[in-house]
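Given chain A, put chain B in place with the hints provided.
Chain residues, written in single-letter form:
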Amino acid sequence: MEIFKEFIFEAAHRLPNVPPGHKCARLHGHLFRVSIHVRGAVGGESDWVMDFGDINAAFQPLYVQLDHYYLNEIAGLENPTSEVLAGWICERLRPALHATDFRVAVETQGSVYRAWLERCDLVTISPKPPSSGLTPNLSALDRFVALPNANFKVVVFDEIDFQFAKAIHLRYLRVPFYLQVGNAIGKDTAADLLAKLDWLAQRTIADPEMASAVVLPQLHVLLYGNRRGV
Amino acid sequence: MITTIPRATTQAQAWPIIEIFGPVIQGEGAMIGRQTHFIRTGGCDYRCVWCDTPYAVLPDEVRANSVRMGTDEIVTRLSELSSATPWVTLSGGNPALHELGPLVAAMQRTGFQVAVETQGSLYRSWLEDCDLVTISPKPPSSAMTPDLAALARFVTLPGANLKVVVFDELDFAFARLVHERFPSVPFYLQVGNDIGADTAEALLRKLDWLANRMMADPAMADAVVLPQLHVLLYGNRRGV
Chain A
12 MEIFKEFIFE
22 AAHRLPNVPP
32 GHKCARLHGH
42 LFRVSIHVRG
52 AVGGESDWVM
62 DFGDINAAFQ
72 PLYVQLDHYY
82 LNEIAGLENP
92 TSEVLAGWIC
102 ERLRPALHAT
112 DFRVAVETQG
122 SVYRAWLERC
132 DLVTISPKPP
142 SSGLTPNLSA
152 LDRFVALPNA
162 NFKVVVFDEI
172 DFQFAKAIHL
182 RYLRVPFYLQ
192 VGNAIGKDTA
202 ADLLAKLDWL
212 AQRTIADPEM
222 ASAVVLPQLH
232 VLLYGNRRGV
Chain B
30 MITTIPRATT
40 QAQAWPIIEI
50 FGPVIQGEGA
60 MIGRQTHFIR
70 TGGCDYRCVW
80 CDTPYAVLPD
90 EVRANSVRMG
100 TDEIVTRLSE
110 LSSATPWVTL
120 SGGNPALHEL
130 GPLVAAMQRT
140 GFQVAVETQG
150 SLYRSWLEDC
160 DLVTISPKPP
170 SSAMTPDLAA
180 LARFVTLPGA
190 NLKVVVFDEL
200 DFAFARLVHE
210 RFPSVPFYLQ
220 VGNDIGADTA
230 EALLRKLDWL
240 ANRMMADPAM
250 ADAVVLPQLH
260 VLLYGNRRGV
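Note that the protein sequences, when read in sequence, are chains A and B. Positions 12 to 241 (my numbering) are the ones given, in order, by the first sequence. Positions 30 to 269 (my numbering) are the ones given, in order, by the second sequence.
Just chain A, same shape as in the assembly (with noise of 0.2 Å):
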């Protein structure tokens, strides 16, 4: 959702790269308005995009700057037509407006649900196939799916576990499905995955009732091995 707030104030300009002979040439005043727009999810707790008092705090140190001032003085305001105003001031909202913008993704395994996850913009959820040694409750997957932007992704180190993909797929055969080639950690190398992927994908490719599913290696491992903080 959008909200804005509109603020004015006035100063003097003068536009120095017109036409010889436009009026906008001439040292002039205005009162300018300033229309200020954020755009971003409804909050689940404060049901508001942003506090409208966060878009004033922000604002007040830019009009205590070109309030009754004459703007061509100011550092980037040479040439303060409309548009580069607008960008100058763009410009400076940015870092104080744009902290709250982060889309937020999560990945969980689908055993615990929480209602904070409905407010995430994406959710990937990664019941553990055999091979993990847990034997997760697939009807518990059913609020899951419901949530934003909802996708499964199973890590599949084998046969086992690629029946285990299939059947998760066939449930719930409308939330997109990701399928993981499983990473030995010490003692896969970038080949070994890669040889793995291989594997997966001609496995998935061989049974038609998987071919919506997407195959995918973890690029991470591949770039910089089994590291911590990549």
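Read the hints as simulated data drawn from the structure, not as lab findings. Hints should not be assumed to be uniformly reliable.
[Unchecked claim] Here are the simulated DSS-like pairs of lysine-lysine, each with C-alpha atoms no more than 27 Å apart in a straight line:
| no. | chain 1 | residue 1 | chain 2 | residue 2 |
| --- | --- | --- | --- | --- |
| 1 | A | K177 | A | K139 |
| 2 | A | K198 | A | K164 |
| 3 | B | K235 | A | K207 |
| 4 | A | K177 | B | K235 |
| 5 | A | K207 | A | K139 |
| 6 | A | K34 | A | K16 |
[Claimed, not checked] To list a few chain B residues with every Cβ distance to chain A over 12 Å, as calculated:
| no. | residue |
| --- | --- |
| 7 | R63 |
| 8 | T82 |
| 9 | N94 |
| 10 | W116 |
| 11 | L126 |
| 12 | M173 |
| 13 | T174 |
| 14 | L186 |
| 15 | P187 |
| 16 | R210 |
| 17 | I224 |
| 18 | D246 |
[As the list claims (entries may be wrong)] Beta-carbon label-pair distances, calculated as ranges:
| no. | chain 1 | residue 1 | chain 2 | residue 2 | range |
| --- | --- | --- | --- | --- | --- |
| 19 | B | A202 | A | Q76 | 32 to 38 Å |
| 20 | A | L234 | B | G264 | 52 to 58 Å |
| 21 | B | D246 | A | I171 | 43 to 49 Å |
| 22 | A | G98 | B | D246 | 17 to 23 Å |
Built from N, CA and C at the ideal position, the CB exists for glycine as well.
Below, chain B alone, put in the same frame as chain A:
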């Protein structure tokens, strides 16, 4: 009185087809990891110095390597390969060199979704019928000079996305220019691939460079950085 002149093109249209293969996993771009058939048409209006499919570009090679195939023959071949595969990807050469409208319609009637890869140099109305259009304007290292203003018609096509191959800093600057011009179009940066020279390891090093270069540039924060998975897997072999 209106006289209708039958169009010769409606009789038996056929196009120079270099190869039809699949199903394979798409190794690059917006469809990475997805299962698709490929149809590679012959002929191209570009001569990129690092072209990875010269056998589908140079006229002599196209004559030697292609078979003229019509709609029925192509659709039959695709169904033989697998009708469970959800996508067919048209590539080249430049598929937009040809009037492929009837082929796109026939493939969609058969149940396939159609993706196309083109450099955005030649506009065709059949592009509007495709399900996903990848536009890959060629960077300076190709020695081609694409008309960026002409891309404006392409970016409103269905599923339009931009893919720019990056070999070096100049290419990166070009990619940035394209991304800034069309900021709302999904944007993919692809590691340049030196055929015959690059090993999987060399490509991964280039990917590392490209990833770091992108992250150092706030204007590129929304770009997607990808290698060519099929090249990592199989090297620069054909039919993969």
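Here's how the hints hold up against the structure:
no.	hint	result
1	K177/A to K139/A	holds (13 Å)
2	K198/A to K164/A	holds (22 Å)
3	K235/B to K207/A	holds (22 Å)
4	K177/A to K235/B	violated (35 Å)
5	K207/A to K139/A	holds (18 Å)
6	K34/A to K16/A	violated (31 Å)
7	R63	violated (5 Å)
8	T82	holds (21 Å)
9	N94	holds (25 Å)
10	W116	violated (9 Å)
11	L126	holds (30 Å)
12	M173	holds (29 Å)
13	T174	holds (29 Å)
14	L186	holds (22 Å)
15	P187	holds (19 Å)
16	R210	holds (17 Å)
17	I224	holds (18 Å)
18	D246	holds (16 Å)
19	A202/B to Q76/A: 32 to 38 Å	holds (33 Å)
20	L234/A to G264/B: 52 to 58 Å	violated (19 Å)
21	D246/B to I171/A: 43 to 49 Å	holds (44 Å)
22	G98/A to D246/B: 17 to 23 Å	holds (19 Å)
Going down the numbered hints, you'll see the structure goes against 4, 6, 7, 10, 20, while the others check out.
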